[in-house]
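**Q** Here is how the chains run, residue by residue.
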Amino acid sequence: MKLTEIAKIIGANFDGVDFEIDSMNTLKDAQGNELSFVASSKYVKDIASSNAGAMIVDVKTLEEVPEGCVALVVQNPYWEMAELSKYFAPPIENNTLPSPIIGSNTTISDKAEIANGAIIGENCTVMAHVYIGTDAVVGNNTVLHPSVTVYRDCKIGNDCMIHAGTVIGSDGFGFATNKLGEHKKIYQNGNVIVEDDVEIGSNCTFDRAVFGSTLIKKGVRIDNLVHIGHNCEIGEYSVLVGQSGFAGSTTMGRNTVFGAQSGAAGHLEIAPFNTFAARTGVTKSIKESGLTFAGFPVMGHRSWLKLQGKLARLIK
Amino acid sequence: MKLTEIAKIIGANFDGVDFEIDSMNTLKDAQGNELSFVASSKYVKDIASSNAGAMIVDVKTLEEVPEGCVALVVQNPYWEMAELSKYFAPPIENNTLPSPIIGSNTTISDKAEIANGAIIGENCTVMAHVYIGTDAVVGNNTVLHPSVTVYRDCKIGNDCMIHAGTVIGSDGFGFATNKLGEHKKIYQNGNVIVEDDVEIGSNCTFDRAVFGSTLIKKGVRIDNLVHIGHNCEIGEYSVLVGQSGFAGSTTMGRNTVFGAQSGAAGHLEIAPFNTFAARTGVTKSIKESGLTFAGFPVMGHRSWLKLQGKLARLIK
Amino acid sequence: MKLTEIAKIIGANFDGVDFEIDSMNTLKDAQGNELSFVASSKYVKDIASSNAGAMIVDVKTLEEVPEGCVALVVQNPYWEMAELSKYFAPPIENNTLPSPIIGSNTTISDKAEIANGAIIGENCTVMAHVYIGTDAVVGNNTVLHPSVTVYRDCKIGNDCMIHAGTVIGSDGFGFATNKLGEHKKIYQNGNVIVEDDVEIGSNCTFDRAVFGSTLIKKGVRIDNLVHIGHNCEIGEYSVLVGQSGFAGSTTMGRNTVFGAQSGAAGHLEIAPFNTFAARTGVTKSIKESGLTFAGFPVMGHRSWLKLQGKLARLIK
Numbered sequence: 001m002k003l004t005e006i007a008k009i010i011g012a013n014f015d016g017v018d019f020e021i022d023s024m025n026t027l028k029d030a031q032g033n034e035l036s037f038v039a040s041s042k043y044v045k046d047i048a049s050s051n052a053g054a055m056i057v058d059v060k061t062l063e064e065v066p067e068g069c070v071a072l073v074v075q076n077p078y079w080e081m082a083e084l085s086k087y088f089a090p091p092i093e094n095n096t097l098p099s100p101i102i103g104s105n106t107t108i109s110d111k112a113e114i115a116n117g118a119i120i121g122e123n124c125t126v127m128a129h130v131y132i133g134t135d136a137v138v139g140n141n142t143v144l145h146p147s148v149t150v151y152r153d154c155k156i157g158n159d160c161m162i163h164a165g166t167v168i169g170s171d172g173f174g175f176a177t178n179k180l181g182e183h184k185k186i187y188q189n190g191n192v193i194v195e196d197d198v199e200i201g202s203n204c205t206f207d208r209a210v211f212g213s214t215l216i217k218k219g220v221r222i223d224n225l226v227h228i229g230h231n232c233e234i235g236e237y238s239v240l241v242g243q244s245g246f247a248g249s250t251t252m253g254r255n256t257v258f259g260a261q262s263g264a265a266g267h268l269e270i271a272p273f274n275t276f277a278a279r280t281g282v283t284k285s286i287k288e289s290g291l292t293f294a295g296f297p298v299m300g301h302r303s304w305l306k307l308q309g310k311l312a313r314l315i316k
Numbered sequence: 001m002k003l004t005e006i007a008k009i010i011g012a013n014f015d016g017v018d019f020e021i022d023s024m025n026t027l028k029d030a031q032g033n034e035l036s037f038v039a040s041s042k043y044v045k046d047i048a049s050s051n052a053g054a055m056i057v058d059v060k061t062l063e064e065v066p067e068g069c070v071a072l073v074v075q076n077p078y079w080e081m082a083e084l085s086k087y088f089a090p091p092i093e094n095n096t097l098p099s100p101i102i103g104s105n106t107t108i109s110d111k112a113e114i115a116n117g118a119i120i121g122e123n124c125t126v127m128a129h130v131y132i133g134t135d136a137v138v139g140n141n142t143v144l145h146p147s148v149t150v151y152r153d154c155k156i157g158n159d160c161m162i163h164a165g166t167v168i169g170s171d172g173f174g175f176a177t178n179k180l181g182e183h184k185k186i187y188q189n190g191n192v193i194v195e196d197d198v199e200i201g202s203n204c205t206f207d208r209a210v211f212g213s214t215l216i217k218k219g220v221r222i223d224n225l226v227h228i229g230h231n232c233e234i235g236e237y238s239v240l241v242g243q244s245g246f247a248g249s250t251t252m253g254r255n256t257v258f259g260a261q262s263g264a265a266g267h268l269e270i271a272p273f274n275t276f277a278a279r280t281g282v283t284k285s286i287k288e289s290g291l292t293f294a295g296f297p298v299m300g301h302r303s304w305l306k307l308q309g310k311l312a313r314l315i316k
Numbered sequence: 001m002k003l004t005e006i007a008k009i010i011g012a013n014f015d016g017v018d019f020e021i022d023s024m025n026t027l028k029d030a031q032g033n034e035l036s037f038v039a040s041s042k043y044v045k046d047i048a049s050s051n052a053g054a055m056i057v058d059v060k061t062l063e064e065v066p067e068g069c070v071a072l073v074v075q076n077p078y079w080e081m082a083e084l085s086k087y088f089a090p091p092i093e094n095n096t097l098p099s100p101i102i103g104s105n106t107t108i109s110d111k112a113e114i115a116n117g118a119i120i121g122e123n124c125t126v127m128a129h130v131y132i133g134t135d136a137v138v139g140n141n142t143v144l145h146p147s148v149t150v151y152r153d154c155k156i157g158n159d160c161m162i163h164a165g166t167v168i169g170s171d172g173f174g175f176a177t178n179k180l181g182e183h184k185k186i187y188q189n190g191n192v193i194v195e196d197d198v199e200i201g202s203n204c205t206f207d208r209a210v211f212g213s214t215l216i217k218k219g220v221r222i223d224n225l226v227h228i229g230h231n232c233e234i235g236e237y238s239v240l241v242g243q244s245g246f247a248g249s250t251t252m253g254r255n256t257v258f259g260a261q262s263g264a265a266g267h268l269e270i271a272p273f274n275t276f277a278a279r280t281g282v283t284k285s286i287k288e289s290g291l292t293f294a295g296f297p298v299m300g301h302r303s304w305l306k307l308q309g310k311l312a313r314l315i316k
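Residue numbers (the working numbering), protein chains in the order written: chain L, 1 to 316; chain A, 1 to 316; chain X, 1 to 316.
No lab work stands behind these hints, which were simulated from the structure alone. Please note that the accuracy of each hint is not assured.
Copies of the same chain are indistinguishable here, so a pair counts whether it falls within one copy or spans any two.
[To be verified] SDA-like, lysine to any residue: derived pairs with alpha carbons at most 20 Å apart:
| # | residue 1 | residue 2 |
| --- | --- | --- |
| 1 | K86 | N178 |
| 2 | K86 | T125 |
| 3 | K218 | E182 |
| 4 | K179 | R254 |
| 5 | K184 | R254 |
| 6 | K287 | G266 |
| 7 | K218 | G121 |
| 8 | K218 | E83 |
From just these sequences and the hints, can you work out the full model?
**A** Here it is, written out as C-alpha cells:
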C-alpha cells in the first residue's frame, strides 16, 4: 500500500516521496518498508532506534522521529493504527492459492476442511470437523482430533497432538478505544507457532500475535481449557494445567509449571524452572529460578502457607 | 396448549372456562395468553400485579392470586413448571420451515450447516463446521469462524465477528430439584441477542434465556473462554476479558470492564463505566459509576491494595 | 504383547517363561494377564497384594515383588510405563470394525461423523459436526448438540443432553518427566462413562481415564466450560456450576454442589450432600456431609464469612 494512500485514510499530511508500505510492525521490529506507530508515551523511548520507514505519531512526539523516517501526525495514533490494520489483513481464505499439499500416509477425514495454500506433513491424522486455514503448516506425525481449528498462517510442528475443540490462532484481544468509549478492532496479522512434540488438551484457545508470533516451544504440555494471549512465549517443556490463562506478551522460560486455574498478567517475563501452584495469579516478572510460588498477588509458596496459617488463627 | 391439558399434566384441579395458553413467562412479563408460576416466596410480591392468564401456585399463595387469573394449585410449583416447560419447547430443528435465506455476496462453506428458517444477511462469511439453527438471524458483514454454533432463534447483528468454537444459545443452567435431590430440566425457551459491532473470542459460551433474551449490546468486546449465563445483559462497549464468567440475570451498564478470570454472581445490577480488576468476584450490585474494583468478595481497588499491604506485613 | 517384547522395549532383563500381556493397569486392579508398575514410593504398599502378572520396578523395590509376579527392573519405572503405554493404545479409528448401529427413530445429521463400531440407541438426535468415535456407545433419547465430540470407547447413557462443543473422552493429562525435564506421554487407555439423565453444558471437557473410567453418575447437572480430569467420579445428582474444574482421580458423593469457578485438587474424596460456594478451592478430602464450604484453601462457609469480616476490619 502506498504511503500516500495511508496518509489519506488516517487524515495525515504527507507530501514527500511516495513509497510502498508492505506491513505494520512495532517500533522495535519495523523495517524500512514497514509502518510503525507510537501507541503511548511508554513507547517513546523506542522511537529513536526504530528502523521503520514511516511512523504514526501525535504532535507531541513528532520531534522524536528520527531522520529518514516519515512522520504521519494524527490526534490518536493508536486509533489510526487500528483503522489501518484492517487494510493489511489478508483475506480470511484465499481460493486463488494452490490446493493443499498433503504428505504421504496422512489420513484426512472427508469431513475436515483444509484451505488452499495449507501444507500438511507425513503420517498425520486429521479427524472430522477439523479446519486448517490458508497457508497453515502442519508437520509430520501430528494428530488433530475432531473440531480442532487452526487459523490461517499458523504453524504446528512434528509429533504434536491437539485434542478436540482447541483453537489455534484466533484473533488476539486487541482494539483501540476513543473518547466516546467506542472500540475499533486491531486486526491481528501475526500467527501462532507450535513447535515439535507439543500436546494440547481440549477446548484451549491460543491467540495469534498482532505482529510476529505467539510461540509454544518444543515439548510443552498443555491441559484443557487453557487460554494463551497474543504474543506470549511458552518455554520448552513447560506445563500449563487446566483452566490456566495468560494475558498478552508474557514470556516464560523452559520447564515452567502453572497449576490449575492459575494465570499471569500481560507483558511479564518469567524465568525458567519455576512452579506456580494452582490459582496463583502472577502479577510481576519473576527473575529467580527453581522456586515455587502461590497466591494472588503472587508470593513465595512458603509465604503463602505462612499467610494461610495467620489467617486461620485470625478466626479462631 | 389448552389449560385443561396443562392442569392434567401437573395434577391440578381446573373446572373453569378453558382457553389456550401460548407460552410460559415470568410473573412480571406474562400476558393473558400466558402461564406463570410462583417459584418461591421471593416472588409473592409480583403476584398481585401480574397479567398472567393462569398461574401455578401452592396452597399457601393461592389467596394472593388476582381476580381473573386462573390459579393451578400444586405442591411444588417450580417442579411442575419444569415439567411443563418441556411441552412449550419448540423442536430442536424444524424441517417443515422454508430453506434458509442467504443475502448477496455472502460466502457459506459447504461444510457449514444452516437450518431451515434461518436468515443470513449480506457480505457475511460463514466458515466450515459452523451451525446456524432454525429461525436464527445473522445480520450483514458478519464473520462466523469455524465451528461456531448459533442455536435456534438466536440473533446476531451486523458487523460482528465470532471466533472459532464459540457457542451462542446453549441452554441456560436451569432445573428444579425435588426432596429426593433429583433434578428436572427447565427448558430454556428464550434466546440470545447479539447486537451490532460485537466481537467475541473463541470457545465462549453464551446461554439462551429461560424466557426473553440474553442480551449482548452494541460494540461489546469479549475475549476467549468467557461464560455468560442466561438472561444476562451486557451493556454497550463493555469489555469482558478471558475466562471471566457471569451467572444468570446479571446486568451491567455500558463500558463496564471485567478483567481476566473475574466474574459476577447472579441477579446483580452493575452501574456503567466501572472496571473490575482480574479475578474480581462481584457478589453484590454496584450502584456507583466510574470506579475500579477488585477482590473476592468485591471491594474498591484501593481497599484491595491496602488489604494486600496489611497481609504482606502479617507474614513479615 | 509378549513379555519378552516388553522387556526388550524398556531394556529390562527377562529370561523366564514367556506369556502374553493384554494390557497395563494399576497395582490394585491388574490381573495375571496384565502389566503393572511402581510409579513412586507412595505405591510400594500396594505391591504385595497385587495380582499383576508382571511389574515394572526399580532395583530398590525389587524385593517387594510377590512370588509368581515377574519383576522387570529398570531405572525409571514411570518413564518406561509411559513408553509402553503407546504400544497398548488402540488405533484412533478402526475401519475394519462394522458400520455403526443406529437405533430406530434416531436422527443423525449428514454432517455428523459416526465411526465404525459405534452404537447409538433409539430416539436420539445427533446434530451437525458431532463426532462419535470407534466403539463409543450412546443410549436412548439422548441429544448431542452441534460439534460435540465423543472419543472412542466412551459411553453416554439414556436421556442425556450434551450441549455444543463439549468434549467427552480427550486424553487425561498424563506424562512422565525425566531428569532433563523432557516429557513422555502416558497414553490414556481408559474411557469416560456418562450415566443416564445427565445434562452437560457447552464447551466442557471430560478426560478419559488412564486405566478404567472417568465416571459421571446418574442425574448429574453440569454447566458450561467445566473441566473434569481423568479418573474422577461425580456422584449422582451432583451439580457443577460454570468454569469449575476437577483434577484427576477425585471422587464426590451424591448431590454435591460446586459453585462457579470452584475446583478441587486431585486424589480427594468428598462425602455426599456438601455444597462448595463459588470460587472454593478444595485442597483436602471432606469426610462430613450436609455442610457448606468456601474459600481457598477450603474452610467452612461460616469461617470464611468470619474471615472476610476480620479482613474488612483490617483495612478500616
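**Q** If a hint holds in the structure, say so; if it does not, say that too.
**A** Comparing the hints with the structure gives:
Only within a single protomer do K86 and N178 lie at most 20 Å apart by alpha-carbon distance; the minimum there is 17 Å, versus 47 Å between protomers. Proximity of K86 and T125 under a CA criterion of 20 Å is satisfied inter-copy only: 16 Å between copies versus 34 Å inside one chain copy. With identical chains, the CA atoms of K218 and E182 are at most 20 Å apart between copies only, with a shortest distance of 10 Å across copies and 40 Å within one. Taking identical chains as interchangeable, the C-alpha atoms of K179 and R254 lie at most 20 Å apart only when they sit on different chains, with a minimum of 14 Å there against 42 Å within one chain.
Taking the closest pair of Cα atoms, K184 and R254 come within 20 Å of each other only across two copies (16 Å); inside a single copy the shortest separation is 36 Å, beyond that limit. In this homomeric assembly, K287 and G266 come within 20 Å of each other (Cα to Cα) only inside a single copy, at 16 Å, whereas the closest approach across copies is 30 Å. Proximity of K218 to G121 under the C-alpha cut-off of 20 Å is restricted to the intra-copy arrangement: shortest distance 18 Å within a copy versus 43 Å between copies. Proximity of K218 to E83 under the C-alpha cut-off of 20 Å is restricted to the inter-copy arrangement: shortest distance 19 Å between copies versus 36 Å within a copy.
The structure shown violates none of the earlier numbered hints.
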